[in-house]
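> In case you want the letters, here they are:
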Amino acid sequence: MTAKKINITLNGYNLKVDPGTTILDAAKMNNINIPTLCYHKDLCVAGNCRVCVVEVAGQKRLSAACATPVEEGMEILTNSLKVRNSRKHIIELLLAEHNADCTKCYRNGNCELQELASEYKIMTQEFIELVPYKTYTIDMYSPSIIKDDSKCIRCQRCVRTCAELQGVNALTVSHKGDKMKITTFLEKPMNSVVCTNCGQCVNHCPTGALVEKNYIEEVWEAIANPDKHVVVQTAPAVRVGLGEELGFEPGSRTTGKMVAALKRLGFDSVLDTDFTADLTIVEEGTELLTRLKKALVDKDESVKLPMATSCSPGWIKFIEHMYPEYLGNLSTCKSPQQMFGALVKTYYAKARNLEPDKIVSVSIMPCTAKKFEASRPEMLDSGYRDVDYVLTTRELAIMIKQAGLNFMALEDAKFDRLMGESTGAGVIFGATGGVMEAALRTAYEIVTGRDVPFKNLEITPVRGMEGVREASIKIENPKPEWAFLDGVELKCAVAHGLVNAKKVMDAIQSGQSDFHFVEVMACPGGCLGGGGQPIPTNPEIRQKRAQAIYAEDAAMPIRKSHENPEVQKLYRDFLKEPLGELSHRLLHTKYTRRERF
Amino acid sequence: MATTYQLKRADFVFKNENDWEQVLSSIIRRSPQELINELISSELKGRGGAGFPTGLKWKITSELKADQKYVICNADEGEPGTFKDREILQRVPYKVLTAMAACGYVIGSNEGYIYLRGEYKFLEPELLKVIDEFEYFCKEINLDFKVKIFMGSGAYICGEETALFESMEGKRGEPRNKPPYPSTFGYMGKPTVINNVETLAHAFTIFKYGAKKFYDLGVQYSRGTKLFSVSGDTPKPGIYELELGMSLQDFVYEFGDGDTKAVQVGGASGFLVPRKKFADTAIGYQGKLTGISLPTGGSMMLFNSSRSMFNVLDNYLEFFREESCGQCTPCRVGCQQLLIGIKAVKRGERPATYLDKLLRLTETMQYTAKCGLGQSVANSFSSIVENFREEMIY
Numbered sequence: 001m002t003a004k005k006i007n008i009t010l011n012g013y014n015l016k017v018d019p020g021t022t023i024l025d026a027a028k029m030n031n032i033n034i035p036t037l038c039y040h041k042d043l044c045v046a047g048n049c050r051v052c053v054v055e056v057a058g059q060k061r062l063s064a065a066c067a068t069p070v071e072e073g074m075e076i077l078t079n080s081l082k083v084r085n086s087r088k089h090i091i092e093l094l095l096a097e098h099n100a101d102c103t104k105c106y107r108n109g110n111c112e113l114q115e116l117a118s119e120y121k122i123m124t125q126e127f128i129e130l131v132p133y134k135t136y137t138i139d140m141y142s143p144s145i146i147k148d149d150s151k152c153i154r155c156q157r158c159v160r161t162c163a164e165l166q167g168v169n170a171l172t173v174s175h176k177g178d179k180m181k182i183t184t185f186l187e188k189p190m191n192s193v194v195c196t197n198c199g200q201c202v203n204h205c206p207t208g209a210l211v212e213k214n215y216i217e218e219v220w221e222a223i224a225n226p227d228k229h230v231v232v233q234t235a236p237a238v239r240v241g242l243g244e245e246l247g248f249e250p251g252s253r254t255t256g257k258m259v260a261a262l263k264r265l266g267f268d269s270v271l272d273t274d275f276t277a278d279l280t281i282v283e284e285g286t287e288l289l290t291r292l293k294k295a296l297v298d299k300d301e302s303v304k305l306p307m308a309t310s311c312s313p314g315w316i317k318f319i320e321h322m323y324p325e326y327l328g329n330l331s332t333c334k335s336p337q338q339m340f341g342a343l344v345k346t347y348y349a350k351a352r353n354l355e356p357d358k359i360v361s362v363s364i365m366p367c368t369a370k371k372f373e374a375s376r377p378e379m380l381d382s383g384y385r386d387v388d389y390v391l392t393t394r395e396l397a398i399m400i401k402q403a404g405l406n407f408m409a410l411e412d413a414k415f416d417r418l419m420g421e422s423t424g425a426g427v428i429f430g431a432t433g434g435v436m437e438a439a440l441r442t443a444y445e446i447v448t449g450r451d452v453p454f455k456n457l458e459i460t461p462v463r464g465m466e467g468v469r470e471a472s473i474k475i476e477n478p479k480p481e482w483a484f485l486d487g488v489e490l491k492c493a494v495a496h497g498l499v500n501a502k503k504v505m506d507a508i509q510s511g512q513s514d515f516h517f518v519e520v521m522a523c524p525g526g527c528l529g530g531g532g533q534p535i536p537t538n539p540e541i542r543q544k545r546a547q548a549i550y551a552e553d554a555a556m557p558i559r560k561s562h563e564n565p566e567v568q569k570l571y572r573d574f575l576k577e578p579l580g581e582l583s584h585r586l587l588h589t590k591y592t593r594r595e596r597f
Numbered sequence: 001m002a003t004t005y006q007l008k009r010a011d012f013v014f015k016n017e018n019d020w021e022q023v024l025s026s027i028i029r030r031s032p033q034e035l036i037n038e039l040i041s042s043e044l045k046g047r048g049g050a051g052f053p054t055g056l057k058w059k060i061t062s063e064l065k066a067d068q069k070y071v072i073c074n075a076d077e078g079e080p081g082t083f084k085d086r087e088i089l090q091r092v093p094y095k096v097l098t099a100m101a102a103c104g105y106v107i108g109s110n111e112g113y114i115y116l117r118g119e120y121k122f123l124e125p126e127l128l129k130v131i132d133e134f135e136y137f138c139k140e141i142n143l144d145f146k147v148k149i150f151m152g153s154g155a156y157i158c159g160e161e162t163a164l165f166e167s168m169e170g171k172r173g174e175p176r177n178k179p180p181y182p183s184t185f186g187y188m189g190k191p192t193v194i195n196n197v198e199t200l201a202h203a204f205t206i207f208k209y210g211a212k213k214f215y216d217l218g219v220q221y222s223r224g225t226k227l228f229s230v231s232g233d234t235p236k237p238g239i240y241e242l243e244l245g246m247s248l249q250d251f252v253y254e255f256g257d258g259d260t261k262a263v264q265v266g267g268a269s270g271f272l273v274p275r276k277k278f279a280d281t282a283i284g285y286q287g288k289l290t291g292i293s294l295p296t297g298g299s300m301m302l303f304n305s306s307r308s309m310f311n312v313l314d315n316y317l318e319f320f321r322e323e324s325c326g327q328c329t330p331c332r333v334g335c336q337q338l339l340i341g342i343k344a345v346k347r348g349e350r351p352a353t354y355l356d357k358l359l360r361l362t363e364t365m366q367y368t369a370k371c372g373l374g375q376s377v378a379n380s381f382s383s384i385v386e387n388f389r390e391e392m393i394y
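If you read the protein sequences in the order shown, they are chains U and W.
In this text, residue positions in the first sequence follow our numbering: the first is 1, and each later residue adds one.
In this text, residue positions in the second sequence follow our numbering: the first is 1, and each later residue adds one.
Worth flagging that the hints you see were computed from the coordinates, not collected in a lab.
Here the structure is a predicted model, which means the values were calculated and not measured.
Hints should not be assumed to be uniformly reliable.
Stated by the list, open to error - Pulled a few chain W residues facing chain U out of the computed Cβ check, cut under 7 Å:
{"id": "1", "residue": "Ser31"}
{"id": "2", "residue": "Gln33"}
{"id": "3", "residue": "Lys129"}
{"id": "4", "residue": "Asn177"}
{"id": "5", "residue": "Arg321"}
{"id": "6", "residue": "Cys325"}
{"id": "7", "residue": "Gly326"}
{"id": "8", "residue": "Thr329"}
{"id": "9", "residue": "Pro330"}
{"id": "10", "residue": "Gln336"}
{"id": "11", "residue": "Thr364"}
{"id": "12", "residue": "Ser382"}
Unchecked claim - Short, incomplete list of chain W residues facing chain U, as computed with Cβ under 8 Å:
{"id": "13", "residue": "Ala155"}
{"id": "14", "residue": "Lys171"}
{"id": "15", "residue": "Tyr253"}
{"id": "16", "residue": "Arg275"}
{"id": "17", "residue": "Lys276"}
{"id": "18", "residue": "Ala279"}
{"id": "19", "residue": "Glu323"}
{"id": "20", "residue": "Ser324"}
{"id": "21", "residue": "Gln337"}
{"id": "22", "residue": "Ile340"}
{"id": "23", "residue": "Leu359"}
{"id": "24", "residue": "Leu361"}
All residues carry an ideal CB built from backbone N, CA and C; glycine is no exception.
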């Protein structure tokens, strides 16, 4: 591309930049940082906080750098006295409106407003504090998310996230002027609206207005209780995100250190959700093949295709609200977290000779929706609550800091047994397309007896960050019992971010697509970009975490779920067979139709 | 001090000769270029308050290529003390429709909208009848132009053109980032001409009588006539069409009650002029007139010595605090700070010098607010606080 460059001067220096570049980007490319609050790389430009204002020669008014494209001959000042004074005023105004009780805030230390206040050295409250003039309620009804309006700076990042990334629109703006606020339908609490608990709003909130409901103290208490056996499981995406909270660069693989840290925190057994990810593949893969057989051989019209994955609890709640007529298309498999929970208080308890009611089952997830999932009334199949506490990656990082561990210096440790063995297929669950890839590795081999026809088992068409990806695999020379699949082109779709899930569902609804298998992850990038992952999360960081996930997979000695020796042992000793009676009781679930508001 | 009475009344807008059909027929016999030139040479500027040259607006949009363009009549008349557009739509709606059709003809648009203020719902039935008749005539003369009414819901901010588009698109009425401007990216992202009701009525006058007749009225940079909504402490409140360029002194001679202390020109977002500056203030668009000149949407509020300027300001600020859309920081929080700030000074909870801090804040609001609302709060605030500082404190 040789589009004609535009000449500008930035703080007195002549520069050439591409047409269409915003002042903000032009400055960034030239190593000048302009502060922002309402701006986020994932979202459309709002230009409403006005912190990024800059001076353009010849204009009396200042321009919002995020929203103003450069023009030929533009002379821009990013740090003039007028800019500084105005910016300072705006920060002061935000602080006057904000419940700036920083020492008692969950986001203390990782708050964009706090950072700005520190950068501009706002030492006194110049304006009159507005918080005492208003009544705020803190919405704590959701098991996943706490919404505290007194800390809201009305940047609308959450609103844009909920609309643009997720297509959910649970959060929206209501009222105007001084009463303008971010709220839900009819100001109902977060647990009784269309909210999927995905936590993307939490991840995109610059302040402490939206945070996860944390269960740190409950877990510390369980650990301290000598009568309790506390088991922890860790999701695949946590190991590639946790490091960011503890001094590592994005994209660092910290599996060994994470395990070591968990052991030092005092968990009795440190296990791996990847194990049940592998189990999910065996169950879900078998379910898919069974559905295909029913549809193609038995011509059973009641069989619902395409089958959709059910690992992502945000996606589950989304489809329950938005497309309840398609609940039959969801795989009945529980998510790996919940399979794990059900097994811990049955299989694991029995094997370790423990009373199930003495076990406290904790999971570390990149996800806030998992907190809700664990609290669903269906998730009591072990006879107890299958997963007692769900912590996000961020909460684990807090615990590690509280325990005074020097995370970077920890020596790598290995997961405990039982239920700590995993494969590369289990790891890639953490990235969008991962479940699909893992399922194909297994299903293709079950059907043909051969590896999937991709180099190093890397099914590249389902990898990547495009919102919706489609792929197909032609089945040739299957084993005799799968002869009916000979020549069948297995069509798959992968979507991440619920706004993309919507696209796939609409295509299915309109009959434009003939997919057999659909993978949906509620969050952009899949779990590695989950609502419970370190803040900030943005496109580059997601890319790096994805690279780490695939590197983790490549480094695993076993790369296919059905080859996981512990999974094989589980079937031998306990479950007997995939989709068997015990599987149905412990590992499968049902879904609920919900209202659309 | 002006000693001779110089106020020039005029009667164009409300004079109804029932000749809109002939005017429209003659308009479409002329070339779009000719019509644009007519408007440009009349030097008609937008009568909504911002004062952008109308001819230029039409010209820019006419030169763009697009599958659809729109003509929008901004009838979201919400500025406190302004009630002229209501009268125009009630008494001479055909003039407005004719000018809209002319605009459609010039820029290449067959779709017009009247964005009608929520509180003017009562105008809708009559307007719809008029539109029916108007569209029937357009069909007769082979002019492809339709007009629809879009009812606002009573938010002041929706008079801001980009917020108005958002509202029409079914979204929350919040101003957009500019650029892009409506001429290139307006309603539904299409090139759009949006004009105030009165501007369109003047365009009718110009197309009927020619640019010269309009241009010869008024003064340099402020040509033609303007409707003024006169209210407050005056023996004759009402709507008056006056030539632009008059001195405020003359205006007060005519409309004052003999005890006029100050005049708020341009509504809550305009300026307050104290008695001592009446003679030096000319009413028109900002230009190189001698003395001060003021932008104006046409609201003239007179206050006599029985009025407390603190209460006046308090009232305006309460209005802004509520009518800010709330999206941008300087406007949302700034308006609240100004309001509770002056109260705190009045109660003695903050020193008098706090007013200076607030004045600096209005400067920031002027520089950084996203749209005209937040930017113009400074106008009334600074003109009242600077001229009546004592009343703010004691």
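> Tell me if the interface restraint on W:Ser31 is satisfied: Cβ within less than 7 Å of some Cβ in chain U.
Result: violated, 33 Å to nearest chain U Cβ.
> Does the closest beta carbon of chain U sit nearer than 7 Å to the beta carbon of W:Ser382?
15 Å, violated
> Under the criterion of a CB-CB separation shorter than 8 Å, is W:Ala155 in contact with chain U as hinted?
6 Å, holds
> Given a cut of 7 Å on the nearest C-beta pair, is the interface hint for W:Arg321 held or broken against chain U?
5 Å, holds
> Min Cβ distance, W:Asn177 to chain U: is it shorter than 7 Å?
4 Å, holds
> Holds or violated: the hint that W:Gln337 contacts chain U, with Cβ atoms closer than 8 Å.
5 Å, holds
> Less than 8 Å between beta-carbons is the criterion; does W:Glu323 satisfy it with respect to chain U?
OK, holds: W:Glu323 within 8 Å of chain U, min 6 Å.
> Let me know if the C-beta of W:Arg275 comes in closer than 8 Å to any C-beta of chain U, holds or violated.
29 Å, violated
> Using 8 Å as the Cβ threshold, decide whether W:Leu359 counts as touching chain U.
12 Å, violated
> Under 8 Å, Cβ to Cβ, is where W:Ile340 needs to be relative to chain U, so tell me if that hint holds or is violated.
5 Å, holds
> Holds or violated: is the Cβ of W:Thr329 closer than 7 Å to a Cβ in chain U?
5 Å, holds
> Taking 8 Å as the limit, does the beta-carbon of W:Ser324 come near enough to a beta-carbon in chain U?
Given a least distance of 4 Å, the restraint on W:Ser324 holds.
Going through the hint list in order, the structure does not satisfy hints 1, 2, 3, 12, 14, 15, 16, 17, 18 and 23.
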